[in-house]
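Trainee: As given, the protein sequences belong to chains A and B, one line each in that order.
Here the first sequence is numbered in our numbering, starting from 852 and rising by one per residue.
Here the second sequence is numbered in our numbering, starting from 6 and rising by one per residue.
Watch out, some of these pointers could steer you wrong.
[What the hints assert, rightly or not] Quick list of in silico lysine to any residue cross-link-like pairs, SDA-like style, CA-CA up to 20 Å: (1) B:49 - B:66; (2) B:165 - B:180; (3) A:923 - B:194; (4) A:978 - B:9; (5) A:978 - B:60; (6) B:195 - B:177; (7) B:15 - A:856; (8) A:978 - B:177; (9) B:28 - A:856; (10) B:49 - B:61; (11) A:1012 - A:954; (12) B:216 - B:111; (13) A:905 - B:104; (14) B:28 - A:905.
[What the hints assert, rightly or not] Ranges of calculated distance between the beta carbons of each label pair, as one might list FRET restraints: (15) B:68 - A:899: 46 to 52 Å; (16) A:992 - B:120: 32 to 38 Å; (17) B:135 - A:864: 54 to 60 Å; (18) B:28 - A:1011: 35 to 41 Å.
No lab work stands behind these hints: they were computed from the structure.
Quantities reported herein were computed from a predicted structural model and do not represent experimental measurements.
For glycine and all other residues, C-beta sits at the position ideal for the given N, C-alpha and C.
The lines below spell out each chain.
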Amino acid sequence: MSNDFYTTSIFPHAGMIIKICRAYTDTQEDFEDYYQEVCLQIWRSREQFRGESKWSTWIYRLSLNICLTLIKKKKNNRQHTNSNHLPIEAVDENHSFTDESLNLLYDAIRQLSEIDRAVILLYLEEKPYEIIADIIGTSPNNIAVRITRIKERLKKRLDGKVN
Amino acid sequence: MERSIERIWKEGFLESDALVAPKLNNLYTRKSIHIIDKFTRMFKINLKAIVVFSFVVLVASFFAKIPVLGVLMFILFNTIVIVNRKLLKGLKEIDKNVSSYQYLKDFDNWMKEQILTNVKMSRFIYPYIFLAMLAGFWFSSSFQETLDEVLGSHQIYFLKGIPVFWVLGILLITGVLAYFGGALYKLDLKIVYGRVLKKLDEIIADMDELKAE
């Protein structure tokens, strides 16, 4: 990949890629692998961009699809659970933000199913329901129903922990 | 009062260190960890190895005076290569630039097709190898001498000109190999890609549920 392509076409959207990759990884090592892989796949697939959507939407779609089918380097210690508390071994200090509330929100998002994570990330990025539905591959009505449920679940998990 | 998740999200990313991109190290030469790339790599390496091996077996069989075995194995190996090259083409055509549902379905369909094809082939491959070895040795003059030495004065039981016990033994082994051939391939696949395939199934099930809501 040329540095130019990364600097001009990917880097301006790095924030978006970072947010997605963080939601699908539990450790800093996995996160860095995912980030690099998404950048690599964007570069490799760049000729598939037909201009039917915005470049940023295209990157979003591609990043999600890549993260959904990536192979983690090693087994994570995290045991996914429905409980409100994450197992202690899941904490990776390097994989945290300085904002504690954001860390708690991310931890709660990581406990959602892979698809629910994608839906809520798009919602939090203020994408319209039509765009979310188009990226995921369902109808805006279904997305609206799902978002309400996810928000309730997240609220429950964060209840009393953030202020 | 508690903040909404929307506010936590917005305010959390105002921190300057929240969105620091990791350094890209040798990205161009990096070995991709994406499942499609991994499959493509695995397929290409396997196919090249099979082609080379088929020629080695063919040449070696003439030196070992078992050319029938060599030719039969050469045909088998190159058939495997041709079939899997077609599968590889389908894998390369999977478009990442579609909705998540479509993308996962396309990949899942490809996986199912390749598993089905390879399971079917495995049911024939193992018995074929066994029978090819049998035929190869049977038509080899040096093996005939060895067989005569091993059997010594033992007389093979024939019924209406058919060596019944030998035929039954061969049929039994062929049947067992045919039965376990597909299972062996599935087991191999499960060990290497089990986790990813399970994840794929779960995501698609979740997607189907979302579509049905």
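Trainee: Falls inside 35 to 41 Å, the C-beta gap from residue 28 of chain B to residue 1011 of chain A?
Mentor: With Cβ atoms ~38 Å apart, the hint holds.
Trainee: Decide if the proposed pair is consistent with the structure: residue 216 of chain B and residue 111 of chain B, CA atoms, cutoff 20 Å inclusive.
Mentor: Answer holds: residue 216 of chain B to residue 111 of chain B is near 17 Å, not above 20 Å.
Trainee: For the pair we were handed, residue 195 of chain B and residue 177 of chain B, check the Cα-Cα distance against 20 Å.
Mentor: violated, 27 Å
Trainee: Assess, step by step, whether the Cα of residue 165 of chain B is no farther than 20 Å from the Cα of residue 180 of chain B, and give holds or violated.
Mentor: violated, 24 Å
Trainee: Below or equal to 20 Å on CA atoms is what counts here, so check residue 905 of chain A against residue 104 of chain B.
Mentor: holds, 14 Å
Trainee: With the threshold set at 20 Å, check whether the alpha-carbon distance from residue 923 of chain A to residue 194 of chain B stays at or below it.
Mentor: holds, 17 Å
Trainee: Does residue 856 of chain A sit within 20 Å of residue 15 of chain B, going by the straight-line distance between their CA atoms?
Mentor: At roughly 28 Å apart (the allowed maximum being 20 Å), residue 856 of chain A and residue 15 of chain B break the hint.
Trainee: Hey, residue 1012 of chain A versus residue 954 of chain A, does the alpha-carbon distance stay inside 20 Å?
Mentor: Holds, at about 11 Å.
Trainee: Taking 20 Å as the top limit, are the C-alpha atoms of residue 28 of chain B and residue 905 of chain A close enough?
Mentor: violated, 26 Å
Trainee: Taking 46 to 52 Å as the hint, is the beta-carbon distance of residue 68 of chain B and residue 899 of chain A inside that range?
Mentor: Roughly 50 Å apart at Cβ, these two residues keep to the hinted range, so it holds.
Trainee: Would you check the hint for residue 49 of chain B and residue 61 of chain B, treating anything up to 20 Å between C-alpha atoms as holding?
Mentor: Between residue 49 of chain B and residue 61 of chain B the Cα gap is close to 19 Å, so the pair holds against 20 Å.
Trainee: Measure nothing beyond the straight line between the CA atoms of residue 978 of chain A and residue 9 of chain B; if it is 20 Å or shorter, mark the hint as holding.
Mentor: holds, 17 Å
Violated hints, in rising order: 1, 2, 5, 6, 7, 8, 14; the structure is consistent with all others.
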